[in-house]
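Taking my numbering, the leading residue of the sequence shown gets 44, the next gets one more, and so forth.
These are calculated hints, taken from the structure and not from any lab test. Fair warning: there could be bad hints in the mix.
Think about it this way: if two alpha-carbon atoms lie no more than 20 Å apart in a straight line, the pair counts; the simulated EDC-like pairs of lysine to aspartate or glutamate are [unchecked claim]:
hint, residue 1, residue 2
1, K104, E134
2, K105, D136
3, K151, D136
4, K153, D136
5, K70, E109
6, K89, D117
7, K164, D45
8, K105, E142
9, K141, E112
10, K141, D117
11, K105, E82
12, K69, E82
13, K115, E83
14, K105, D117
15, K104, D80
16, K153, D56
17, K104, D157
18, K104, E83
19, K69, D161
20, K105, D57
21, K70, D94
22, K115, D161
23, K153, E134
24, K69, D157
25, K164, D136
26, K115, E147
27, K141, D94
28, K138, D157
29, K70, D157
30, K69, E162
31, K151, E168
32, K70, E162
33, K70, D45
34, K138, E112
35, K141, E162
36, K115, E142
37, K151, D80
38, K138, E109
39, K69, E168
40, K153, E83
Every value quoted in this text rests on a predicted model; they were computed, and no experiment measured them.
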Amino acid sequence: MDISSKTVLVIEDDVFLSQLLANRLKKLGVNVLRASDGEEGLTSLKTNRPDLALLDLILPKKSGFEVLEAVKSDPILSGIQVIIISNLGQESDVKRGKELGAVEYFVKAKTSIDGLVDEIKNLLEST
Numbered sequence: 044m045d046i047s048s049k050t051v052l053v054i055e056d057d058v059f060l061s062q063l064l065a066n067r068l069k070k071l072g073v074n075v076l077r078a079s080d081g082e083e084g085l086t087s088l089k090t091n092r093p094d095l096a097l098l099d100l101i102l103p104k105k106s107g108f109e110v111l112e113a114v115k116s117d118p119i120l121s122g123i124q125v126i127i128i129s130n131l132g133q134e135s136d137v138k139r140g141k142e143l144g145a146v147e148y149f150v151k152a153k154t155s156i157d158g159l160v161d162e163i164k165n166l167l168e169s170t
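Using the sequences and the hints, build the whole thing.
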């Protein structure tokens with residue numbers, strides 16, 4: 044399936060990682076939006092309704108968990124797929140993220156950019 048019509052929102056406060064992910068996704072032809080804190084991310088989710096959101100958990104203003112809770116409780120946003128990419132690797136954090144609706148949970152230290160981009164590509168192609 045052609046993913047060039049797909050939009051991914053990267054909600055990440057690490058500017059380097061956010062830019063790196065955006066550049067890699069743009070090479071696939073994906074439209075990329077970026078937000079650097081939880082509030083901005085939630086606003087962008089509501090405004091732009093992306094196909095997929097990449098969500099860090101440790102964010103300024105609103106945590107990733109708070110963003111996920113808002114997405115899950117909003118019928119308009121609840122259809123947006125969310126992949127968590129975080130430094131939080133505790134089993135309890137992973138479990139909570141999945142319970143709140145994340146389709147995947149990646150720990151930054153254990154995940155390559157290539158692996159993450161491939162996973163995003165696969166998810167976008169299947170939707």
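Hints versus structure:
With a C-alpha separation of about 24 Å, the suggested pairing of K104 with E134 is violated against the 20 Å cut-off. For the suggested pair K105 and D136, the alpha carbons sit about 16 Å apart, so the restraint of at most 20 Å is met. With a CA separation close to 13 Å, the supplied pair K151 and D136 stays within the 20 Å bound. This hinted pair checks out: K153 and D136 have alpha carbons roughly 15 Å apart, not beyond 20 Å.
As the CA atoms of K70 and E109 are separated by approximately 31 Å, the hinted pair breaks the 20 Å bound. With a C-alpha separation of about 10 Å, the suggested pairing of K89 with D117 holds against the 20 Å cut-off. Of the supplied pair hints, the one linking K164 and D45 holds, its CA atoms being roughly 10 Å apart against a limit of 20 Å. Of the supplied pair hints, the one linking K105 and E142 holds, its CA atoms being roughly 18 Å apart against a limit of 20 Å.
Restraint check for K141 and E112: the C-alpha separation of about 11 Å stays at or below 20 Å, so the hint holds. A hinted pair counts as satisfied when its Cα atoms are at most 20 Å apart, and K141 with D117 qualifies at roughly 17 Å. At roughly 6 Å between alpha-carbon atoms, K105 and E82 fall within 20 Å of each other, so this suggested pair holds. Taking the CA atoms of K69 and E82, the gap is about 24 Å. The hint is violated against a cut of 20 Å.
Among the hinted pairs, K115 with E83 is consistent with the structure: their alpha-carbon atoms are about 17 Å apart, no more than 20 Å. Restraint check for K105 and D117: satisfied, since their Cα atoms lie roughly 16 Å apart, inside the 20 Å limit. This hinted pair checks out: K104 and D80 have alpha carbons roughly 6 Å apart, not beyond 20 Å. Note on K153 and D56: the hinted pairing holds, with a Cα-Cα distance of about 19 Å set against a maximum of 20 Å.
For a cut-off of 20 Å, the pair hint linking K104 to D157 is broken: about 29 Å separates their Cα positions. At roughly 9 Å between alpha-carbon atoms, K104 and E83 fall within 20 Å of each other, so this suggested pair holds. Distance check on the hinted pair: K69 and D161 sit about 13 Å apart at the alpha-carbon level, within 20 Å; holds. Between K105 and D57 the alpha-carbon distance is near 15 Å, which keeps this suggested pair within the 20 Å criterion.
About 17 Å separates the Cα atoms of K70 and D94, which keeps this hinted pair within 20 Å; it holds. With a CA separation close to 25 Å, the supplied pair K115 and D161 exceeds the 20 Å bound. Proximity of K153 to E134 is assessed by CA-CA distance (about 14 Å); at most 20 Å being required, the pair is judged to hold. Between K69 and D157 the alpha-carbon distance is near 14 Å, which keeps this suggested pair within the 20 Å criterion.
Annotation: proposed proximity of K164 to D136 is violated, straight-line Cα distance about 25 Å (limit 20 Å). Pair hint K115 plus E147 holds up; C-alpha atoms about 15 Å apart against a cutoff of 20 Å. As the CA atoms of K141 and D94 are separated by approximately 18 Å, the hinted pair is consistent with the 20 Å bound. Among the hinted pairs, K138 with D157 is inconsistent with the structure: their alpha-carbon atoms are about 24 Å apart, more than 20 Å.
Our distance criterion of 20 Å between C-alpha atoms is met by K70 and D157, whose separation comes to about 12 Å. Distance check on the hinted pair: K69 and E162 sit about 15 Å apart at the alpha-carbon level, within 20 Å; holds. For the suggested pair K151 and E168, the alpha carbons sit about 23 Å apart, so the restraint of at most 20 Å is broken. With a CA separation close to 15 Å, the supplied pair K70 and E162 stays within the 20 Å bound.
Restraint check for K70 and D45: satisfied, since their Cα atoms lie roughly 13 Å apart, inside the 20 Å limit. A threshold of 20 Å between alpha carbons decides the hint, and for K138 with E112 the separation of about 14 Å falls inside it, so the pair holds. A threshold of 20 Å between alpha carbons decides the hint, and for K141 with E162 the separation of about 16 Å falls inside it, so the pair holds. Our distance criterion of 20 Å between C-alpha atoms is met by K115 and E142, whose separation comes to about 10 Å.
Using a Cα cut-off of 20 Å, the hinted pair K151 and D80 holds, with the two alpha carbons roughly 17 Å apart. For the proposed pair K138 and E109, the alpha carbon gap of about 15 Å is at most 20 Å, so the pair holds. For the given pair, K69 sits about 15 Å from E168 by alpha-carbon distance, which is consistent with the 20 Å threshold. In summary, the hint linking K153 to E83 is not supported, as the alpha carbons are separated by about 27 Å, beyond the 20 Å threshold.
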